[in-house]
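Novice: These are the residues of each chain, in order.
Protein chains: 2
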Amino acid sequence: MSRPLIVQKYGGTSVGTLERIENVANRIVKARKTDVDIVVVVSAMAGETDKLLKMARSLSPNPTRREIDLLLSSGERISAALLALALQARNIPALSMTGRQIGLQTDNTHTRARIQNIDAKRARKMLDENHVIVVAGFQGINPEGDVTTLGRGGSDTSAVALAVALGAEQCEIYTDVDGVYTTDPRIVPQARRLDVVSYDEMLEMASLGAKVLQIRCVEFAHKYQMPLIVKSSFTEGDKGTLICEEDPNMEQPVVSGIMCDKNQAKITLKEVPDQPGIAANIFEALATASISVDMIIQNTSEQGHTDLSFTLAREELEEAMVIMNKVAKKIHAAQVSSDAKIAKISIVGAGMRSHSGVAAQIFKTLSANNINILMISTSEIKVSCIVEQKHSKLAVTTLHEAFELSKSIVKKKTPTKTKKK
Amino acid sequence: MSRPLIVQKYGGTSVGTLERIENVANRIVKARKTDVDIVVVVSAMAGETDKLLKMARSLSPNPTRREIDLLLSSGERISAALLALALQARNIPALSMTGRQIGLQTDNTHTRARIQNIDAKRARKMLDENHVIVVAGFQGINPEGDVTTLGRGGSDTSAVALAVALGAEQCEIYTDVDGVYTTDPRIVPQARRLDVVSYDEMLEMASLGAKVLQIRCVEFAHKYQMPLIVKSSFTEGDKGTLICEEDPNMEQPVVSGIMCDKNQAKITLKEVPDQPGIAANIFEALATASISVDMIIQNTSEQGHTDLSFTLAREELEEAMVIMNKVAKKIHAAQVSSDAKIAKISIVGAGMRSHSGVAAQIFKTLSANNINILMISTSEIKVSCIVEQKHSKLAVTTLHEAFELSKSIVKKKTPTKTKKK
Chain A
1 MSRPLIVQKY GGTSVGTLER IENVANRIVK ARKTDVDIVV VVSAMAGETD
51 KLLKMARSLS PNPTRREIDL LLSSGERISA ALLALALQAR NIPALSMTGR
101 QIGLQTDNTH TRARIQNIDA KRARKMLDEN HVIVVAGFQG INPEGDVTTL
151 GRGGSDTSAV ALAVALGAEQ CEIYTDVDGV YTTDPRIVPQ ARRLDVVSYD
201 EMLEMASLGA KVLQIRCVEF AHKYQMPLIV KSSFTEGDKG TLICEEDPNM
251 EQPVVSGIMC DKNQAKITLK EVPDQPGIAA NIFEALATAS ISVDMIIQNT
301 SEQGHTDLSF TLAREELEEA MVIMNKVAKK IHAAQVSSDA KIAKISIVGA
351 GMRSHSGVAA QIFKTLSANN INILMISTSE IKVSCIVEQK HSKLAVTTLH
401 EAFELSKSIV KKKTPTKTKK K
Chain V
1 MSRPLIVQKY GGTSVGTLER IENVANRIVK ARKTDVDIVV VVSAMAGETD
51 KLLKMARSLS PNPTRREIDL LLSSGERISA ALLALALQAR NIPALSMTGR
101 QIGLQTDNTH TRARIQNIDA KRARKMLDEN HVIVVAGFQG INPEGDVTTL
151 GRGGSDTSAV ALAVALGAEQ CEIYTDVDGV YTTDPRIVPQ ARRLDVVSYD
201 EMLEMASLGA KVLQIRCVEF AHKYQMPLIV KSSFTEGDKG TLICEEDPNM
251 EQPVVSGIMC DKNQAKITLK EVPDQPGIAA NIFEALATAS ISVDMIIQNT
301 SEQGHTDLSF TLAREELEEA MVIMNKVAKK IHAAQVSSDA KIAKISIVGA
351 GMRSHSGVAA QIFKTLSANN INILMISTSE IKVSCIVEQK HSKLAVTTLH
401 EAFELSKSIV KKKTPTKTKK K
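So the sequences go chain by chain: A and V. The opening residue of the first sequence carries number 1 in the working numbering; numbering runs sequentially from there. The opening residue of the second sequence carries number 1 in the working numbering; numbering runs sequentially from there.
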């Protein structure tokens, strides 16, 4: 019988210097004393990926994705070899493994490949021979034998996929923050680290810009019910935040977290003829340019005309305006305007499902503070409002207070792990 | 019918900066205009390998060779991807390939693996599809699928092996010097670049410390009769030096080059009992410590005793002296002494085979300049003398003059290529 297995993933800042690599090695030595098998997934040393990308861009204005993948994958290979060496120096039988060696097979989509399969035979054998395996994250191999990478946050996805393939107890994500917070502590000092977050909540938070975990990694963990733990690699003894399936038997807090995304912009088309196919015209033109639209609002029609607003990422505003000005002419809209000084405030909580009145509470709180809501969208466990950017800090602070997020609530005891596999 | 194929190898200084990578790309663009297929083999950017090694050593006093191989192989992968990008930016359909992708299979000896086989199917296909292939040199893959490296100068060996496997016309080695010289131009300003050198001569020169090419690369080229050309990547229009089979029909110069190796030391054991097995005792002790001995001289025996001297690389002198002092006690030798202020002057020339009197000319020249010869060894195409280090420059200069090496001699017209395969 093999021992329980833990997958640990260390991000770029956690392995950013030789000293930090030594710290990570010391952590692993300690973890191994608890008689578990350990697979470690590492990112490239902080700054390395950007350095390589910069070199590539200076040589080619439009670098091909295949070459970028070979280039970038070097960073994680270097970290993996270095950490394996640091472990060996501590008498831990460690082995570095590349994406290919660990059997991580992907599709052909260079720079954002999807994992197709993990052939974990060799990894299993190495673990049974008592090795700690140090895996170069972020990378795999496509059917042609070329190196692929998994896109931003890909090492997290590597870690969860390996945890699933090897039947790990849990997947620990070590980073430079000590968990998932009710909101950004830099904005609201009363922000509180959450002990437990459900996959659904974490997915909403990740898609709303919480950078601690990437959406794909959480989706993967959710699909295979792999408990995720987010912890800091710079502190000792922290519990971190557990991300797992919500337990319907436990009391749910109504709201778990508040996100604020200032990287938003709004485009408004005035007096758009209210005819079938017009909206398609607008959004197809944006889709063709690979511009993602977030919230859409259409006012009630007046005399055959309607106003249409939508939000998008601010860095795409300029390109989108060029397209919209063309579209506006074509569909005979009266005017196109934009606003980059907005922010999206989102309230996430699995408990919303069973509690009505969350939206009302939000509107009441914002209105009491004279904050005007420009747009609203809701999902089962989320309410998002667009407000003027100058109001964003006040909005987050007062909502955090209104939903009593700084007060700790015991939610769950231990993760319940029931694999769907 | 496929076009003629050229393999070009660029060393670390030739790809040492982004600007130099661009220069290399421009060279390849030009070479391709002559309607040839091109495979490029690159080293890591200058300094990269040392930087990685230094990191490894700071983490582990005795880093394992397997991890070192994964670590170091990253350097060449980065260069290969960057050069491929620079070529693509010049509208050349370029593809980077790792050692594994190019099919370079090695044995299991990490950090100094030997090439076992090259499965060039994919490379052949890519060439037939009109690609320039940019190969990460220095690396291959062992039967277990782990990355191996070929040791110092391994990229040269990769290049020659690929040239042989793909049936190239020739293998061009681009470096920071413009060819092979009669002697070190920093010592003798009259030193002349050789147009042609035979494999045998080049092997002697390489083993005597000429750094321009590694022994294994020349051995490989010799075995498969692959013409090698050494050229500078920093100048245009140079012919470089051609290394090929000597043509017995052509006039041979007696001497092709003079090498001077100051990295030498001498150990002398005085009054060694002249009994069978004593020499074995001495040299086995050194071999056990992996210390290579170069020249050995045993004086004629006097009254049952003999003096024994040998030379070795200076960096191994200290360790060898510790061993020799032990051995001397055991075999009852009277005294052990050492001399690190020596130099080995070697005269190499395929023409020596058919010309007697080369040694005599050397002795006469050195004697005329009051240079004492401490030790001598000869091979079919080489004479080496140990002299006091303070005489080394004078020895090289006067011998260079005595053998008229600064005068150009037309040796051969074109390489005759007869494959043994």
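Treat the hints with care, since some could be wrong.
Since the list gives no way to pick out one identical chain from another, each pair is judged satisfied if it fits inside one copy or across any two copies.
What the hints assert, rightly or not - When the alpha-carbon atoms are kept at most 16 Å apart in a straight line, the in silico EDC-like pairs for lysine to aspartate or glutamate are as follows:
1. K390 / E302
2. K231 / E219
3. K125 / E144
4. K51 / D107
5. K121 / E388
6. K54 / E22
7. K262 / E319
8. K270 / E219
9. K211 / E316
10. K121 / E144
11. K239 / D178
The hints are simulated quantities; they were obtained by calculation from the structure and are not laboratory data.
Novice: Between copies, within a copy, both or neither: which fits K121 and E388 at Cα up to 16 Å?
Specialist: neither (54 Å within a copy, 61 Å between copies)
Novice: Using 16 Å as the alpha carbon limit, work out where K262 and E319 are close: within a copy, between copies, both or neither.
Specialist: neither (19 Å within a copy, 66 Å between copies)
Novice: Between copies, within a copy, both or neither: which fits K239 and D178 at Cα up to 16 Å?
Specialist: within (8 Å within a copy, 63 Å between copies)
Novice: Tell me, please, which holds for K51 and D107 at an alpha-carbon limit of 16 Å: within, between, both or neither?
Specialist: This pair counts as neither: shortest intra-copy Cα distance 26 Å, inter-copy 34 Å.
Novice: For K125 and E144, with the copy left unspecified, which applies at a CA distance of at most 16 Å: within, between, both, or neither?
Specialist: This pair counts as between: shortest inter-copy Cα distance 13 Å, intra-copy 25 Å.
Novice: Classify it for me, K211 with E316: is the Cα-Cα distance of at most 16 Å met within a copy, between copies, both or neither?
Specialist: Intra 20 Å, inter 54 Å, cutoff 16 Å: neither.
Novice: Evaluate K231 and E219 at a C-alpha cut-off of 16 Å and name the case that applies: within, between, both or neither.
Specialist: neither (19 Å within a copy, 55 Å between copies)
Novice: Classify it for me, K54 with E22: is the Cα-Cα distance of at most 16 Å met within a copy, between copies, both or neither?
Specialist: The answer is between: 15 Å across copies meets 16 Å, while 28 Å in one copy does not.
Novice: Checking an output row: K270 and E219, CA cutoff 16 Å. Within, between, both or neither?
Specialist: neither (38 Å within a copy, 78 Å between copies)
Novice: Pop the pair K121 and E144 into one bin, within, between, both or neither, using alpha-carbon distances up to 16 Å.
Specialist: between (20 Å within a copy, 13 Å between copies)
Novice: Is the C-alpha distance from K390 to E302 at most 16 Å within one copy, between copies, in both cases, or in neither?
Specialist: neither (31 Å within a copy, 102 Å between copies)
Figure legend: structure checked against the earlier numbered hints; hints not met, in rising order: 1, 2, 4, 5, 7, 8, 9.
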